[in-house]
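*Asks:* Sequence:
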Amino acid sequence: MCVLIRIADSAILIVAVPEQICPTHREGVMEMATATTVESTKTRAVWADVAKGVCILLVVLWHTVNKHYLQVDWKIGGAIPAMWGFFGDQLMTLRMPLFFTISGMFAVSAFHRPWRVVVRSRVAKFLYLYLVWMLIHTAILWFTPSFDTLSARSLGQFAEQLTITPPNLWYLYALALYFVAAKALKRVPVPILLGAAALLAVVAAADLIATPGNRGSLLQNFVFFLLGLHLRPHIERLTQHTTWRRTGAIGAVYAIALLAMAATATQQTPTIWTAVSLIATVFGLSAAPLVARWTHIGAALSWLGRRTLPIYVIHMPILALLHVTLIGKLSNASPAVQTVLAVAYPVIVTALLVALCLLAEYGLKAARATWLFELASRRTRV
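The opening position of the sequence shown corresponds to residue 1 in UniProt numbering, with each subsequent residue numbered one higher.
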C-alpha cells in the first residue's frame, strides 16, 4: 500500500493506493479523486456565484434608477420614483461590500503564491481590462453628454479618471489595487491591517476627505476585500451553518439599521455607514447559501454570477444610448402610461440591459474579440 498526496484547488488529497496497481491505473485513481474534490469545491462555491449574481443585478438596477429613471419628468408625482431612489441608495451598503468580500475570498489562493506567478492574472489583467473599457466608455459616452455619469472630456480628465478618480469601471481598478496593497502588506498583523482599513472606510464614508467620483467607494471597500481574504475560514463556517431563522434575524437587524440611518440622516456620521455595510454583508453571506438551494432561482443566479464581467463593463454604454433615445418620450408620455412605467420600468430595463450585455458578449466572442474580456496569453503570436 502506498500513499499519494496531491494538492488540488487548495485541498490536500491523501489517497491510499495498493502497490499492485500499475502506475497508469494509479494515476487514474488520483485523477478521479482530484475530480471529486474539485467538483465538491465547485458545489460549495455555488452560493458565492449566487451572491455575485444578486450583486450585479443590484448594480445594474441602481445605475438604471439613478442615471436614467430619476431623470424622467414624472408628471404623476414623485412618490413612486422617490421610493425607487431610496431603495437603490440604501442597498449601496450591500452590493459592493458583499461583492468585494467574495472577491477577497477568491483571491486567497493567489495571495499565497509568488508575485511572478500572480502579477499577470491578479494585477495586469484587471488594469488591462480597466484601460480597454475606459477607452470604449469614453468614446461612446462622448456622444451622450446629457447622460449623467462621469466621463472624460479631455486628455487631462482621462488621466485623472484613470488614476485617482475612477469612473464607473472602478471595480476593475479596485481589484488590482486591493490585491497589490494586500500582498504588499502581507507581513502586517491581520488585526492591525483590518483596523487601519476600517478606519479608512469610516473616514471616507463620513466625507472627512475629498472623495470625488468613485474615489470614496474605492477607499471604503478595501476593508471588505481584506475581510474576505483573511477571514475566509470564518466566512465559510458562517455559510455552511446558516439557517433561515438566523438569516431572518440578521435581515431584520439590517432593515432596522437602514431605516434608523435614513430617519436620522446619519449616513455621514463616522462609523455608521461602515457598520451598516458590515451588517449587510453578513446578511448577504447568510442568505446566499439558502437562495442557492432553490433549484431554479439558485441555478439562474449562479449562472449569472459567473458572467458578471461582461454585464459590468457593457451595461453603462447601452444604458446611456437607451437614455438619450427614450428620455424625451418617457417625459412626454401620458399620465396613465407613466403610472404603469413608474412601478415596473427599473426592473424591465435592468432585465433588458443584462440580456443585451450577454448577447453582446456572445457576439464579440464569436467575432474573436476575446481580447475585450481577457488579457491575451503570452504564448499568443501576433
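I should point out that these hints are in silico values taken from the structure, not numbers from a laboratory. Backbone N, C-alpha and C define an ideal beta-carbon position, used for all residues, glycine too. Check each hint, because a few of them may be wrong.
[Claimed, not checked] Cut-off 25 Å, straight-line C-alpha distance, at most; resulting in silico cross-link-like pairs (SDA-like, lysine to any residue): (1) Lys-125 with Leu-364; (2) Lys-125 with Leu-219; (3) Lys-125 with Lys-75; (4) Lys-183 with Ser-109; (5) Lys-186 with Gln-157; (6) Lys-75 with Gly-328; (7) Lys-67 with Ala-210; (8) Lys-183 with Tyr-128; (9) Lys-67 with Pro-233; (10) Lys-75 with Leu-326; (11) Lys-186 with Lys-75.
[Said to hold, decoys possible] Estimated spans, in silico, between C-beta atoms of each pair: (12) Gly-328 with Ile-348: 32 to 42 Å; (13) Ser-109 with Thr-339: 50 to 60 Å; (14) Ala-181 with Arg-237: 39 to 49 Å; (15) Gly-328 with Leu-208: 19 to 29 Å; (16) Ser-154 with Ala-249: 45 to 55 Å; (17) Gln-240 with Arg-153: 47 to 57 Å; (18) Asp-148 with Ile-348: 36 to 46 Å; (19) Trp-142 with Gln-240: 42 to 52 Å; (20) Ile-80 with Arg-120: 24 to 34 Å; (21) Ala-366 with Ile-80: 24 to 34 Å.
*Asks:* Each hint needs a verdict: does it hold in this structure or not?
*Replies:* Consistency of the hints with the structure:
Restraint check: the Cα-Cα separation between Lys-125 and Leu-364 comes to about 18 Å, which is no more than 25 Å; the hinted pair holds. Restraint check: the Cα-Cα separation between Lys-125 and Leu-219 comes to about 21 Å, which is no more than 25 Å; the hinted pair holds. Restraint check for Lys-125 and Lys-75: the C-alpha separation of about 46 Å exceeds 25 Å, so the hint is violated. Our distance criterion of 25 Å between C-alpha atoms is met by Lys-183 and Ser-109, whose separation comes to about 12 Å.
Restraint check for Lys-186 and Gln-157: the C-alpha separation of about 34 Å exceeds 25 Å, so the hint is violated. For the given pair, Lys-75 sits about 13 Å from Gly-328 by alpha-carbon distance, which is consistent with the 25 Å threshold. Restraint check for Lys-67 and Ala-210: satisfied, since their Cα atoms lie roughly 23 Å apart, inside the 25 Å limit. Restraint check for Lys-183 and Tyr-128: the C-alpha separation of about 19 Å stays at or below 25 Å, so the hint holds.
Taken as a hint, the Lys-67 and Pro-233 pair is broken in the structure, with Cα atoms around 38 Å apart against an allowance of 25 Å. For the given pair, Lys-75 sits about 16 Å from Leu-326 by alpha-carbon distance, which is consistent with the 25 Å threshold. Straight-line distance between C-alpha atoms of Lys-186 and Lys-75 comes to about 56 Å, which puts the hinted pair past the 25 Å bound. Judged by the Cβ atoms, the range 32 to 42 Å given for Gly-328 and Ile-348 is violated: they are separated by roughly 18 Å.
Judged by the Cβ atoms, the range 50 to 60 Å given for Ser-109 and Thr-339 holds: they are separated by roughly 52 Å. At roughly 26 Å, the beta carbons of Ala-181 and Arg-237 sit outside the given window of 39 to 49 Å. Between Gly-328 and Leu-208 the CB atoms are about 41 Å apart, so this pair departs from the stated range of 19 to 29 Å. Evaluation of the 45 to 55 Å hint for Ser-154 and Ala-249 yields a pass: the beta carbon distance comes to about 52 Å.
The supplied range of 47 to 57 Å is met by Gln-240 and Arg-153, whose beta-carbon atoms lie about 50 Å from each other. Take Asp-148 and Ile-348: their Cβ atoms lie about 20 Å apart, and the range 36 to 46 Å is violated. Look at Trp-142 against Gln-240: about 49 Å separates their beta carbons, and that is inside 42 to 52 Å. A C-beta distance of roughly 48 Å is found between Ile-80 and Arg-120, which places it outside the suggested range of 24 to 34 Å.
A C-beta distance of roughly 40 Å is found between Ala-366 and Ile-80, which places it outside the suggested range of 24 to 34 Å.
Checked against the numbered hints listed earlier, the structure breaks hints 3, 5, 9, 11, 12, 14, 15, 18, 20, 21; every other hint is satisfied.
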